[in-house]
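Student: Spelled out from the first residue to the last, the chains are:
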Amino acid sequence: MIDTKSIVKVGIADLNIVTAPTTIRTSGLGSCVGVVIYDLPKKVAGLAHIMLPDSNLAKQATFNEFKYADTAIDNMVDKLYECGVRKFALKAKITGGAQMFQFTSSNDMIRIGQRNVEAVLTKLSEHQIPVVASDVGGNCGRTIDFDPNTGELKIRTVSKGEEII
Amino acid sequence: MKMDKLSSIQLDALREIGNIGAGNAATSMSKMINEKIDMHVPNVSIVEFNELMDEIGGADKVIVSILFQIQGEAPGTVYLIFSMEEAEELVRHITLNSNQKLFTDGEPDEFAISALQETGNILAGSYLSALSDFTNINMHPSVPHLSVDMAGAIISVGLLELSQVTDYAIIIDTKIHDTKSKNGINGQFLLLPAPESFTKLFHALGINDYD
Chain A
1 MIDTKSIVKV GIADLNIVTA PTTIRTSGLG SCVGVVIYDL PKKVAGLAHI
51 MLPDSNLAKQ ATFNEFKYAD TAIDNMVDKL YECGVRKFAL KAKITGGAQM
101 FQFTSSNDMI RIGQRNVEAV LTKLSEHQIP VVASDVGGNC GRTIDFDPNT
151 GELKIRTVSK GEEII
Chain B
1 MKMDKLSSIQ LDALREIGNI GAGNAATSMS KMINEKIDMH VPNVSIVEFN
51 ELMDEIGGAD KVIVSILFQI QGEAPGTVYL IFSMEEAEEL VRHITLNSNQ
101 KLFTDGEPDE FAISALQETG NILAGSYLSA LSDFTNINMH PSVPHLSVDM
151 AGAIISVGLL ELSQVTDYAI IIDTKIHDTK SKNGINGQFL LLPAPESFTK
201 LFHALGINDY D
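Which chain is which? The protein sequence lines are A and B, in order. In this text, residue positions in the first sequence follow UniProt numbering: the first is 1, and each later residue adds one. In this text, residue positions in the second sequence follow UniProt numbering: the first is 1, and each later residue adds one.
All the given hints hold, so there is nothing to weed out.
Only pairs whose alpha carbons sit at most 20 Å apart, straight line, appear in this in silico SDA-like list of lysine to any residue:
1) A:Lys59 with B:Thr166
2) B:Lys61 with A:Ile7
3) A:Lys59 with B:Gln164
4) A:Lys91 with A:Asn75
5) A:Lys43 with A:Ser6
6) A:Lys160 with B:Lys61
Just so you know, these hints were derived from the structure itself, not from any lab.
Chain B extracted, bound-state conformation (with noise of 0.2 Å):
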């Protein structure tokens, strides 16, 4: 299939993963910390890379994330992405201690590290369970590899087997946010899946690849 174009029904299609998965996982955050959250409307684009990065606030933007590789029928990598703060914020609700920190004296706290961590773990299991179920398709995630540095460092890993083929990535890109707490704890699901899973989805979904 073309990377560089997409009909209006692939466009929905996908958006709608994007609206099941993170739907899910922003249930599971609601749970685990006790909180209404909402999500926006996922936002499906095709962008050449360097838009990507734009997207996420410029290369050399300082970001935390979780990484997973999507292991199964459909392999892609699917990214958990926040700022400092809002990694921070989101940490101090889990661990229920307001002055709890990511790093201490410039090194990674271990113990806010793991619980972000293990929040990734949740989320991006309820992201990629519900699209498993949805699609029919089996999907898993690997372990997290969690990473503050460089938003360009990280996100081109999982633009590398994509960047053979394309010079494009399909992103499918959804935020979480919380509804009261005052600094908020947003979040940003990026999906990137590879290039030979679209037409894996499309057909799951009964979609053609062609019209």
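Next up, chain A with everything else stripped away, as it sits in the complex (with noise of 0.2 Å):
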């Protein structure tokens, strides 16, 4: 059964961790931003699907944190110790942070992506892990794959077809 191929989902506001051969995918990122963090030669990724960059914006009780990028990161780094990562050998790649629409309204939702990935970067930073790759910003959608095995994210936009990073 292992080595049989399989693809784990994240979906939005959600996170997960995958070893090889296993890979993961998440779908439709638009202004939401797909994190991963890897350690390579012990081939485990983790991914988060994030939807808005700061858990001070929520107005609920008890929150979802994997909805928010500080909170999501927090969360998979350590869901990544636990999968016996190395601190020293973790690496990002994140993609995602697109403004889908131009709205004129003053609404603070617009340039919503931007925050995200800004917000992203500001953490991957106070972690210490650096940013190898990154697609981020534009005006489309993004479907992503990551294997674990590889390091590479396989990126899907309905206009340019497959890029890899």
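Given two chains presented individually in distinct reference frames, assemble the corresponding complex, making use of the accompanying hints.
Tutor: Put into structure tokens, the structure is as follows:
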């Protein structure tokens, strides 16, 4: 069973950890950001699909930690350590953070993609995890697949097809 | 109010809202393309964000969507959603050109997009004005924002405000379709009221939040 290639899917405001040969995917990233943190020699990777930059925005007593950049990344790093990754070997790749529509209103939810990306970068540098590749911004949706065996992140968009970073 | 639970009378009220809005929009569409347009009974459901994506056909399904921000006293987002085929069929009816395509050489066809946007404008306008008349709450659509992209990327835009308050969305989902043509012109209205709008809508209809 172990050598059967399978894909773990991560939903919106969700995260998961996989070990090769299993790959991990999240679909339809818009302003949301997909954060992959991995230890390549150990072949372990985590993927979070975050929606909002900061858990201070939460107006709920108990909230889903995976929804916010700060809490999701903290949580994912803890989970990765439980899987035996080494701090010095951790690397990150990030995608998403698009601005899907050009709204004119003064709502603070515009430019949320950019704010998500900034929050993710801040949190990753707090954890001293280098971002080795990124594909962020723009105005299109992305579906991403990460293979912890190769460290390749495959990005699919509607207009530009597939790209690997 | 609690977002994850609605009484049956509240559900009925929201269903009626979907009915009135989409009914009016179906009439407008019918006049536009000169064909009979039917609508399904609205589906009102409380869904987790990922379930919402599944309802549209999955987060990476490519959809043609026209988004309107609802401005006025009860803010929210309304989406008019078509599959690629449905959108193309609709454009063909409106432009009276059976060869009209949505894309030419991978680039969106300006004429088709503009026709679709204008159709969306009329449909969303009649949807919201019916709602507005029924509830006596001032609501009007923003300019149309058209996008051809993955459902997840598009729908999550309407969830951002909501997601600070809850992990669930109350959706009012109504499908319209024509009764005659072979390929069918189907469309889907998805109304995502902002959290604070529910109380206003219920009050306007004489329902209190706590029953």
